[in-house]
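Line by line, the protein sequences are chains A and B. Following the numbering used here, the numbering of the first sequence begins with 17 at its first residue and continues without gaps. Following the numbering used here, the numbering of the second sequence begins with 17 at its first residue and continues without gaps.
Hints listed in this document are in silico derivations from the structure and should not be mistaken for laboratory results. None of the values given here were measured: they were computed from a predicted structure. Some hints could be false.
Chain copies aren't distinguished; within one or between two, either way the pair holds.
Claimed, not checked - Here are the simulated SDA-like pairs of lysine to any residue, each with C-alpha atoms no more than 25 angstroms apart in a straight line: (1) Lys333 with Ala119; (2) Lys400 with Thr21; (3) Lys175 with Glu237; (4) Lys400 with His432; (5) Lys129 with Lys333; (6) Lys129 with Asp102; (7) Lys175 with Ala45; (8) Lys129 with Arg34; (9) Lys403 with Ala222; (10) Lys333 with Met182; (11) Lys331 with Ala401; (12) Lys175 with Leu38; (13) Lys403 with Arg458; (14) Lys175 with Arg458; (15) Lys129 with Gln32; (16) Lys215 with Ala247; (17) Lys129 with Gln146; (18) Lys282 with Ala390; (19) Lys212 with Ala45; (20) Lys403 with Ser174; (21) Lys175 with Asn42; (22) Lys175 with Arg389; (23) Lys175 with Glu314; (24) Lys129 with Arg82.
2 protein chains.
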Amino acid sequence: MSRKTSLSGFHEWLPQERLVELHVLNTLAEVFELHGFANIETRAVETLGTLLRKGEIDKEVYTVSRIHETDAPDPDDTSRLALHFDLTVPFARYVTENAGHLAFPFRRYQIQKVWRGERPQEGRAREFTQADIDVVGDGALDFRHDIDVALVMAEALSKLPIGQFMIRINNRKLAEGFYRGIGLEDTAGVLRNIDKLEKIGAEQVAQGLQDELGASSEQAELALALANIRAEDSSFVTEVRALGVQNELLDEGLSELAEVIDELHKRVPGTAVADLSIARGLDYYTGTVYETNLVGHEQLGSICSGGRYDALATKGKRTFPGVGLSIGVTRLISRLFSHNMVEASRSVPTVVYIALTSDEDWSAAQDVAQQLRARGINTEVATKAEKFGKQIRHADRRGIPYVWFTNYDDAGTATHEVKDIRSGEQVPADPNEWFPPTDDLRPAIRQVDQLKDATPQR
Amino acid sequence: MSRKTSLSGFHEWLPQERLVELHVLNTLAEVFELHGFANIETRAVETLGTLLRKGEIDKEVYTVSRIHETDAPDPDDTSRLALHFDLTVPFARYVTENAGHLAFPFRRYQIQKVWRGERPQEGRAREFTQADIDVVGDGALDFRHDIDVALVMAEALSKLPIGQFMIRINNRKLAEGFYRGIGLEDTAGVLRNIDKLEKIGAEQVAQGLQDELGASSEQAELALALANIRAEDSSFVTEVRALGVQNELLDEGLSELAEVIDELHKRVPGTAVADLSIARGLDYYTGTVYETNLVGHEQLGSICSGGRYDALATKGKRTFPGVGLSIGVTRLISRLFSHNMVEASRSVPTVVYIALTSDEDWSAAQDVAQQLRARGINTEVATKAEKFGKQIRHADRRGIPYVWFTNYDDAGTATHEVKDIRSGEQVPADPNEWFPPTDDLRPAIRQVDQLKDATPQR
């Protein structure tokens, strides 16, 4: 499963790989719907004005223009079209545009491609699929949705063939309250520096806090001490309290994060941790924030991130608070393939290949196929009566497990046999009754390797 | 279901409309897989060079460039990226790129958005979804696949909530052989004129044939006589023969078309017709061609078109013949909505809404939800113990059919009741056993109106 793509940063899967992706997408959709999320899709393009609404675009955006436009683009024209770079901004626009038609709190999931003109590298593609869930309220949104969306994602991820994962959760109120409590008022600046912790290490971050923000070495030390706290239950509250910082916003954040972690610890133990180093960089979150690592593949970065916004969208004086999480499906799947962690049992949906004894039998073979398909058995019919060996090889090459043979006697009466071409076993069969073992009905998606130290294959 | 979109030509559906679209897409995918078609997706962008390969681009293409490119585009630069305008050109590129990894004949289906910078009008959007099936061979492809793909599409369309449809089939060999047989050598020119028949009428077409191609009035009359022939079985062969034209290619085309029509007439009667006026304009088909009308909505144009290519793709001296059909899903669905032909029974996947008696019951309510979800029942939990009337109204507004109530006695023992909020009936229920009627399990997609003269609602 290792190929080069003809356009760097744009992945295309072979049919057998696509089956793995479809399995992932269908599993996600199923779990999201079990929890009452409704599906929508938004158009691929937004105006630059919409994309700019959240401030400067730090993403590399692809603009779109009709081929017959030959003038140089006007950088100040916000009505220009561009491909969306995430699903959050389009969703916010969709909510304000359709607010009159939606019932709040509105639970939606959205699985679509997004585009970014970034330098391609593993984990970063130019075209990739995201799977988002968000709950958005009209004016207010109960805090319990912060717990709910994490529970949904923990359930969804646990059903994927990806091995162990860990949702790391923090709270902006906790962090900002703490920084204020130790006298650091540029909380965005502190977050920006703390965000680099995994990349550049504690010493460099401490230096940055002092050089950039004028923090004292004690302040830098306390900020780093906070970022070092991790716990799978609310014991982190005692650890934070031990740092001796007093602040109302900190109290609120501690209480929220404790509630999230306690419920996750109870319902989905071993899949979530309070991790006070999580900052989520430049994004405009206002409460809970989430990142998720694939255990043993931490250097891949987060595969599922998100958080709470006090105002995901606004419409005049109306605000729509929201909380949600987004899975980077392409990032996840590329990793599964590059480390040979998963495979599909065959490259086609077909279960049965109907061989022809004579070219004239084609239409009669279609009748047999119809009988099998009527009972949900994916079936193909040969178009030519080549030698049986050749017909069997054709099925085998594509991973089709069964070949069907029909013989007609002089009176036109048919007798049927079906051959499992893996075992060679051939038995009489009735097209109205024969059914394959459940495992053969659909291509199986198998988790090949859960070892942490799996060697990359490309 | 009638709204304006904020960008003309770009449709976005409300959750309830999206359920209809999902039903259509899932039904198509299911039928395609029953017939052994494997799914792939190709990237949204191609180089202009690839899009130009089939000759001049007569479509309005959207080019794509990174936002930081500020120079005027170079119209001669074929490495520029553009959004694909159909799924055939990208599929041909995919086949040549991955030929070494595919087993031929390769049966694939592809359901994706495509983009065209056209002037928006009903039936023509700038972003729309296509659902394509193609079978492609390596060097050769048995003619029977021409019958097969039409059978698959007839079955797929018959499972959609769209009422009656008619697949109209012709054959390029038949038409070109006939034109040559009557002495008109510019067969492409004749086809181009015949293609306008429905738009401008027989008289204008006859005039065009004479003015543009120098045809005699007898030649024009014969070409039009051919285009007038329609039959649901192979009786059209006699009608063509009665026109007294002799040509080998014509013979071949007649025999192919008769074989297609006879098999369709036998297996899916009333859904296909030999229609010798079908030309498929500028497309480079070389045999069977297909168009499909929604009966009573003929002015919408074709909802499912395609044909046979001797060389869908080439790679050096290797050619890949193919035959396939493409459904214009967005065109079809827009029509269903604008004529109120179909509706979803609710806007959410949710079957059960668990009400809260007290705010403290939330986590216990999650346990109940988990029991229901474990048996495939889509369930949401209220976040606040508002008055029951308010909680019921919230469920009702979103079309959720059932509300679940749990009471805990002093010993903590739970008793459960479930209310059908349409009938008001409330009965005791066990979260490990209760199951909704099958009709309520998923949102139902109902065909509202099959009348031909349905009044458009927008």
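Evaluation of the provided hints:
no., hint, result
1, Lys333 with Ala119, "within (19 angstroms within a copy, 59 angstroms between copies)"
2, Lys400 with Thr21, "neither (35 angstroms within a copy, 51 angstroms between copies)"
3, Lys175 with Glu237, "neither (40 angstroms within a copy, 66 angstroms between copies)"
4, Lys400 with His432, "within (18 angstroms within a copy, 62 angstroms between copies)"
5, Lys129 with Lys333, "neither (32 angstroms within a copy, 35 angstroms between copies)"
6, Lys129 with Asp102, "both (8 angstroms within a copy, 17 angstroms between copies)"
7, Lys175 with Ala45, "both (11 angstroms within a copy, 23 angstroms between copies)"
8, Lys129 with Arg34, "both (15 angstroms within a copy, 17 angstroms between copies)"
9, Lys403 with Ala222, "neither (75 angstroms within a copy, 52 angstroms between copies)"
10, Lys333 with Met182, "neither (38 angstroms within a copy, 52 angstroms between copies)"
11, Lys331 with Ala401, "neither (66 angstroms within a copy, 28 angstroms between copies)"
12, Lys175 with Leu38, "both (14 angstroms within a copy, 22 angstroms between copies)"
13, Lys403 with Arg458, "neither (28 angstroms within a copy, 47 angstroms between copies)"
14, Lys175 with Arg458, "both (17 angstroms within a copy, 21 angstroms between copies)"
15, Lys129 with Gln32, "both (20 angstroms within a copy, 22 angstroms between copies)"
16, Lys215 with Ala247, "within (21 angstroms within a copy, 72 angstroms between copies)"
17, Lys129 with Gln146, "both (6 angstroms within a copy, 16 angstroms between copies)"
18, Lys282 with Ala390, "between (45 angstroms within a copy, 18 angstroms between copies)"
19, Lys212 with Ala45, "neither (33 angstroms within a copy, 45 angstroms between copies)"
20, Lys403 with Ser174, "neither (47 angstroms within a copy, 35 angstroms between copies)"
21, Lys175 with Asn42, "both (11 angstroms within a copy, 21 angstroms between copies)"
22, Lys175 with Arg389, "between (29 angstroms within a copy, 14 angstroms between copies)"
23, Lys175 with Glu314, "within (20 angstroms within a copy, 46 angstroms between copies)"
24, Lys129 with Arg82, "both (21 angstroms within a copy, 17 angstroms between copies)"
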